[in-house]
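Just so you know, the protein sequences line up as chains A and B, in that order. Quick note: the first sequence uses this note's numbering, first residue 1, plus one each step. Quick note: the second sequence uses this note's numbering, first residue 518, plus one each step.
It should be emphasised that the hints constitute simulated quantities derived from the structure, not laboratory data. Heads up, some of the hints might be wrong.
Which residues of chain B face chain A? A partial, calculated answer using Cβ under 8 Å [to be verified]:
#1 Leu538
#2 Thr543
#3 Arg569
#4 Leu574
#5 Pro577
#6 Ser771
#7 Ala785
If we take Cβ atoms under 10 Å as the criterion, some of the chain A residues that face chain B in the derived model are [to be verified]:
#8 Val32
#9 Asp35
#10 Thr226
#11 Ile386
#12 Glu390
Note that beta-carbon positions come from the ideal geometry of N, C-alpha and C, so glycine has one too.
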Amino acid sequence: MAVLLLTWPAAPRAQAQRSGGTLTIARPVDAVSLDPHFETTAPGAWVYQLILEPLVALGPDMKIKPVLASSYKVLDATRIRFTLRRGVRFHDGTPFNAQAVKFTFERAFDRRNPGRWASLAGPIKGVEVVDDYTVDIVTSEPYAPLLYSVAMVYAGIVSPAAVQRLGPEFSRQPVGTGPFKFQEWRTNDRITVVRNDDYWGPKPYLDRIVFRVIPEESARMIALRTGDVDMVLVPAPAQLGAFRRDPAFTVAEAQGLRVVFVGMNLTRPPLSDVRVRRALVMGTNRKAILDNILEGAGGPADGILAKGVFGYAPMELDKRYPYDPDRARALLQEAGFRPGPDGIMQREGIPLVLTLISARGRYLKDAEIAEAWQAQMRAIGVRVDISFLEWATVFTHVRAATLDYHLFMLGWVTTTADADYSLLPMFRSNMAPPTGWNTWRYVNPEFDRLVDQARVSTKAEERQELYARAQAMIARDIMFIPFYTTKEIAVMRSYVKGFVPHPIEYNQGFAYIWLEK
Amino acid sequence: MIRFIAHRLLALVPVLLGVPLFIMLTIDLIPGDPAALMLGEGATEEMVTALRASLDLDKPLLVRYARYVTRLLHGDLGRSIREGRRVNDEIADVWPATAQLAMAALGLAVAVGIPLGVLSARWPNSWFDNVVRVVTLFGLSMPIFWIGLIFIVVFSLWLGWLPPGGRGGLPHLVLPSVTLALPTIAMLARMTRSAMLEVLREDYIRTAHAKGVPGPRVLLRHALRNAFIPVTTVLGLQTGQLLGGAILTETVFSWPGIGRMLVRAIFARDYVLLQGGVLVLALTFVLVNLAVDLSYAYFDPRISYA
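Isolated chain B, as found in the complex:
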C-alpha cells in the first residue's frame, strides 16, 4: 500500500516537469510577442527589447525552463510578470474559493445523484425512472453558462431569493454550486443506475434475497457497495470536470476562483501566472485520482496494491 502510494507520488514528477515545459512551448508558438503586447500601441522597439530582456524572454527556452524548475524545487512558482506578485500568494488567494465551490458541488452531486440512480435501478422503467432519465439527459446536455444565467434571472431577478453573484456567505454558494453540480448529478445518476442494474442481476444478490436479507439492506449493503467501483471512477474524473467547469461557473457567478485567474493570465499574457495555475490544477487532478484508486481497495477487497 505504502509502496503503491510512493509509486504514484513519484509518477507526479513527470507531470510537474512536463506541464511548465508544455506551457512555455505553447507560449513560444502563440503568435505575438508578450512584451510588445504588454506595452501595447505606441511602444518603441527599444522599449520592447528592454522589457523582453527583463522578463527573460530573450533567453533560450531551455534556460528559462531550467530556471523555472530550479525555483519550483524550492516550492516557488515565480512572480507574475504583469504584477510582480508571487504566484504562490495569488494562488493562495483564489484556490480556496475554487475548492469551496468544487467541494460543495461534489457533495451535492453525491447526495443527489447516487440516491437518484439507486432508486431508478430499484424500479427500472417505472415512471420515476423515466422522469430521472429525461431530467438527467437534460442536465447533461444544457451548457453550464446558460443554466447559470437562467438561475440568476429566476432566483435573483424575479424571486429575489438569492444574490446574483460574488462570494460571501452560504446564500452566495447556492446558485453556483447547484449549477456546477447539475451535469455531475446527471452523470452520477445514470452511472449508478446502470452499475446497479448490472449488480442486481448477480447471483449473490439473489442469494441474499433468498437468505431473507431485508430489501433495503440488499440494495445498499450488497449491491451499492459493489456498484461503487465504476461510480467512483466516474466521480474521480468528474472532479477534474468540476475544476474545469468552474471556469465557466466562476465567470457567470463572479466567483473569485482559480478559473478566472487563469482567464485573466491568458488575456494578460502572463505565462508565469498561467504556469502556476495550471500546475496546481494538474496536481489536484492527479491527487484526486490517486484518492479514487485507493478507495477501490475499500470497495473491492479483491483489489490489492501489494
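This is chain A alone, in the form it adopts within the complex:
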C-alpha cells in the first residue's frame, strides 16, 4: 500500500513562449456532445478535455499525474482515497470539493441512464465522502486498474450547479475547472474555447482555440496550406510525405493504443488446429503490409496490447513465427493438407477456403490490408474469401456470436491503458460474446487464473509479471494476426510550438501551445 505524493509538473517555460493569439484546429467531424460521461469519441474529447479535468490523468509518457487530486492512496483492491486540491473553482464560480466529485460519479454511473464512460470504467460502485477534500472511490469487486478508469478524459469533474441549471443543455456548454472555458459552438462548423484567467494551474498562452470541422480530407490539407487553419488532426496519409519535407510545416506523431488485427474463430475447423493458425501467421508478411500499405501512418504491432499500455509484453511474433512461406506450407502439410490441382491446399478432397468478414473504411486501410493479406495467403495455398460488410453488420456478427465466418478484421483499443481492459474481456473463457469480446472463443483455465489474479493484485510488479505470462500463452496458442498499431498524427504550421501528441487519441496536448509568429 504505497502512498504517492505527487506534484504538478512545472510546464516548460523557456524564454521563447509567447502569450496571445488564436489557434485554429481542423478535424473531420464535429463533436456529438461535450459531455464527457456520455461522449467518448475523439472529436468531443479533444475539446472538453480543455474544459473539464479528471482527478488524475495519464500523461503523454503514460504515467499517472495528479490533476484535481493532489495525491492518492490505494487502500485495497476495491478502494482508492483521493486528496482533493483546495481553492479550485469551476468556471461558473461553484467551488470544487468532495461533493462535486460525488455528484459527478453518481451522474455518470446512474443505472437508469448509463453513459459510455460507465461502460469502460469497470465495476465502480461510487464515491464515499470522507471530508470536504477527501473522497474514496470504491468498486463492487476487487479491481486493480481502478486508477486508470479515474484517469480517463471521460472522468472530467462537472460543476453540479451548472448541470442542475442547464439540464440537457450542459452537453452543449460544459462547465468545468480546466485551463480553457467554453465560449461558443456553431454546430458542424466550429467550437471555440477561451483562456480561463482564473485557472488554478499554470496559465495557458493562447487566448483562444477554435476547433473547426472540415470533413473532406483534401480540403483539410488545403485549408492548412492556405493558412485558413494552423493545425490538422487526422491528416490525409498520402500527403504526409509532402508535408514532412516542407519546412513550413511540422508533423507530430505518437504511437497510438489501437491494434488492428485479423482474428481467427477457433470453433471453426481447420482453425481449431494450432498448426494451421501458426501457418497463417508464418505466411503473413506483416512488414510488407506496414511499409507498402500504411506508408508510415501506422506503427508495428506485436500483440493485442500496444506498447505503452500497462502490462504490455511483446509477443515476439517475428521470433516465434518469422515470415516463412515454405515453413507455413510445411505446417499445413503436417496438419494433413496436400496441394490441390489449383494450388489451393486440400484435406480429404475439401479445399482450404476461409471466409473473412471486414468493414471497409472503419479502420485505416482495412480493406486494402484484407486484400493484400488474401494474396499472401494464396501464396501458401489458402484461399480467403472476403465479405466486406457495413461496420454495424461486422460489429453485430462478431458481438452476437454468429458463427458463419472463420476470420474477422477488427481493431481494439485498450481504452484504460491497462492490460486488464483487453486481456480479460477478450481472452477469458467465460467472456464469449455477447458477454465479452472473446471473439475467438479461447478456452484456457490457466490463462483465466492469471488474469483474475492480476485484477485483484495491488502490486504493480506482480501484475506486470502475470500479464507477461498471460501474453506468452496467447503467443503460443496464437489466434490473431496483428497488423499495425494506430498512430496519432497531427500536421501543423511550423510556428505552432509546444504541442505534445499523446498515445491516447483523445488526450491531445493542446493546452500549452504557443504561436511563434
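Since the structure of chain A is provided, determine the placement of chain B on it from the hints.
Using the frame of chain A, we list chain B on its own:
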C-alpha cells in the same frame, strides 16, 4: 384556388405521418442494435439493456411511433438520442445554412441557366449554341464532389482569391453555391433551349413577328413566358436536387448545414435526429412543389385550380 391549396396542404398529412414510420422501419431493419453500437466495445449486456430501455428501443414499433406522432402534433420533433438536445433547436441551427446555400445556387442557376437557354434557342446551331451544349453536358456529367475540389485547388490554393470552406461572409458563399448551381444551370439551359425551340415554332409567334412586334419582345414576352411551364417543373424538381446535392457540397466545403447533420445522425445511429431532418427536408420539398404548381396558373392562364 384556396381550396386547391387546402387540398394540397392536406396531402401533406400522409407525408408527415409516413416519413417517421418509414425511418423507424428502416432503423429496425438495419443490422446492429443502436444501443450496443452507441456503447461500443466493452459494454456489458446489462448496460446495453438499460440503455435500450431508456431510449424506448425495447418498446414495440407502434408504441414508439404513436409517441413520436403525438409529440409531432405539438410541433416537437423530440430529443436527439445521442445528445439529448431538442431536434427543433438542432434544425434551427443548421437549416438557415442549407437554405442560404440552396437559395444562392437556385438564384445563380436561374440567372445564368435561363438566359443561356434563351440565347441558344434564338440562334440554334450557331457557335454559341454549340459551346453552350458542350459546356452544359460537361456540367451535368461531372460529379459535384470533384468539381468542388477542383474549385478549391484553383481558387483557394493557387489563386488565393476565396476561402476553401466554412460559413462566413459572401466570399465563403461563392465556391459552394457555384458548385452546387452548376448541374442546375446546365439542366435549366438545356430545358429552356428545347422548350423555347418548341414554342418558337408556334403560329402565334409567327403572328407576333408578322404584326411587327420587336424581336426581343417576342422572345421574352411571348415565347419565354410560354416556355416557362416545363422550365418551372424542372426548377421545382431541381430545388429538391439542390437540397440533396447540398449533402455533398456541404461536405466538400465544410458548410454547416442540414445535409451534414443527417450524415452525422446516420453515423451516430441517432434516428430521432435523422427523422427530424428528413421530415423537414420532405416538407420543404413538398412546399416547393406546391409553389411550382401555383406558378403554373400565372404562366398559363388556361390552367385553373377551381
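Now for the hints, and whether the structure bears them out:
1. Leu538: For Leu538/B, the interface hint is violated, since the closest Cβ of chain A sits about 21 Å away, which is over 8 Å.
2. Thr543: violated (13 Å)
3. Arg569: Interface hint status for Arg569/B: violated (11 Å vs cutoff 8 Å).
4. Leu574: Given a least distance of 14 Å, the restraint on Leu574/B is violated.
5. Pro577: At about 21 Å, which exceeds the 8 Å cut-off, the nearest Cβ of chain A leaves the hint on Pro577/B violated.
6. Ser771: holds (4 Å)
7. Ala785: holds (6 Å)
8. Val32: holds (5 Å)
9. Asp35: holds (8 Å)
10. Thr226: holds (5 Å)
11. Ile386: Since the shortest Cβ distance to chain B is 18 Å, the answer is violated.
12. Glu390: Result: holds, 8 Å to nearest chain B Cβ.
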